[in-house]
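Quick mapping for you: the protein sequence lines, in order, are chains C and S.
The first sequence begins at 1 in the working numbering and counts up by one.
The second sequence begins at 1 in the working numbering and counts up by one.
Possibly wrong hints are sitting among the right ones.
What the hints assert, rightly or not - Partner residues aside, some chain S positions facing chain C, computed with beta carbon under 7 Å:
id, residue
1, Asn81
2, Ala82
3, Arg86
Quick caveat, the hints were computed from the structure, so don't treat them as lab data.
Cβ coordinates follow ideal geometry from the N, Cα and C atoms, glycine included.
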Amino acid sequence: MRERVPLYGSGGFTTYSDDEMREQLSRWVFEDGCRWVKIKIGSEPPRDPHRVHVAREAIGDCAGLFVDANGALDCKQALDYANRFSEENVAWFEEPVSSDDIVGLASLRYALPVHMELAAGEYGYTQDDFRTLLANEAIDVLQADVTRCGGITGFLRVAALCDAFHRPLSAHCAPAMHLHVACAAPRLRHQEWFHDHVRIEQMLFDGAPRAIDGAIAPDLSRPGCGLDFKHADAQCYAV
Amino acid sequence: MILTRRDAAIETIRARAYSIPTDKPEADGTFAWNATTLVIVEVMAAGKTGIGYTYNDASVAKLIEATLAPLLIGEDAWNINALWLRMFQHIRNIGRSGIAATAISAIDCALWDVKARLLDIPLARLLGVWRVRVPLYGSGGFTTYSDDEMREQLSHWVDEDGCRWVKIKIGSEPPRDPHRVRVARGAIGDDAGLFVDANGALDGKQALDYAQRFSEQNVVWFEEPVSSDDVAGLAALRNALPARMEHQCAVVAHVSARTQYRPLRHCSDGDFSDRLRTMGRESSSA
Chain C
1 MRERVPLYGS
11 GGFTTYSDDE
21 MREQLSRWVF
31 EDGCRWVKIK
41 IGSEPPRDPH
51 RVHVAREAIG
61 DCAGLFVDAN
71 GALDCKQALD
81 YANRFSEENV
91 AWFEEPVSSD
101 DIVGLASLRY
111 ALPVHMELAA
121 GEYGYTQDDF
131 RTLLANEAID
141 VLQADVTRCG
151 GITGFLRVAA
161 LCDAFHRPLS
171 AHCAPAMHLH
181 VACAAPRLRH
191 QEWFHDHVRI
201 EQMLFDGAPR
211 AIDGAIAPDL
221 SRPGCGLDFK
231 HADAQCYAV
Chain S
1 MILTRRDAAI
11 ETIRARAYSI
21 PTDKPEADGT
31 FAWNATTLVI
41 VEVMAAGKTG
51 IGYTYNDASV
61 AKLIEATLAP
71 LLIGEDAWNI
81 NALWLRMFQH
91 IRNIGRSGIA
101 ATAISAIDCA
111 LWDVKARLLD
121 IPLARLLGVW
131 RVRVPLYGSG
141 GFTTYSDDEM
151 REQLSHWVDE
161 DGCRWVKIKI
171 GSEPPRDPHR
181 VRVARGAIGD
191 DAGLFVDANG
201 ALDGKQALDY
211 AQRFSEQNVV
221 WFEEPVSSDD
231 VAGLAALRNA
241 LPARMEHQCA
251 VVAHVSARTQ
261 YRPLRHCSDG
271 DFSDRLRTMG
281 RESSSA
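Put together the whole structure using the sequences plus the hints.
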């Protein structure tokens, strides 16, 4: 369906200082060309409006800003923070409440500011998990992770579900393993360029993709998934 | 092997139509015919030729050569998903269902054939199989056949080809159908499954009446008892059919656009509606 996969930079951990977050986010936008970045929220909710403000200043007005609460909030809290984040034009609110709370997600989805999409799905393992989110109108963007949802086969089946429900799909984490199937999946909007996994994949895999103009592309001169594991480099981490 | 890492530019696309007379007149509940038109398309890329086809009017061949082929010539045959999307985007105003969808289907099959031939492997290997054999049900029993012609066809499928199920057409003259269903059951014996297909010829009440009469002959599949455009009618019938027929109410035969399948699923798939009911209970207790 596409020869390049757009990336959103993902990190902004709640452990970072404002300066660390600024440096990470601005590098993704201004050096790697990412059109969107995502920060974590919810460890200390009262600090988050400030952190969102810092993130917006770091990336400027043109880049999209995403937040991910990893299910840390309850519904009323989530709605309150969503309204405050909308001043900084946050475009994506991931797992504002637990993704096990389908009714909570569905009710929040319609209550969020109209320009703010609700995303969830990283804990989907079976087709029924994803169908439940879609059929209950619980999400604006479905997330799926090829390393959790049944591999290439499962990911393509999730993509077909998204197509049937007219919903976009976003690939969660593990960008090197997603790359080829992300090119082939209908309705795929973007791939999470997750700080932690990007670092590991570049350390331990020959052929790990690099961000160019905010996207990654398969190296068609390499067979298969394009990756070769660097056994020797990994040895010191063996457990 | 290095060849497969290169682009495979599509060089030519050729489509031809052939009208093949039937061996005898054929009819179902809503249509009659004496010939069947085959439209075959050949796509050549990087020296390999793939074939695909559809059974539709000869005008499909013209649509393929004049309208769809120019979108594909020179493009990389490996990128089937992108080419598929380009074709469907291009025919928006022509109308997706029917002529255009069948033309694109034939081309898509040819593109998959080309891809497998470029790799020099069977298409099933390329796709990755769930099964290595596909069970068949014999399908014919046209309403134009005499009882003897139908007996001969059905018993051949069951006794010689080993089919576990057979299907006959009904609905041209509904009052004759209970007799025809009895003849079919007599021909195949008690062990084979018997299907009927009305091709949308009946209305809801008629269909239910005949379903109950057919159930004496243990009919396990009622295809398009009413028009597949009548989604509410299908859903109502499904719950009213004899229990043995319940899960065999086949509704997809004439549904052409892929997004149309989901509303049908909503109405007719037991697992899905059961799941919704379950979730309703979960949410009311939450």
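Hint check:
| no. | hint | verdict |
| --- | --- | --- |
| 1 | Asn81 | holds (4 Å) |
| 2 | Ala82 | holds (6 Å) |
| 3 | Arg86 | violated (10 Å) |
Checked against the numbered hints given earlier, this structure breaks only hint 3.
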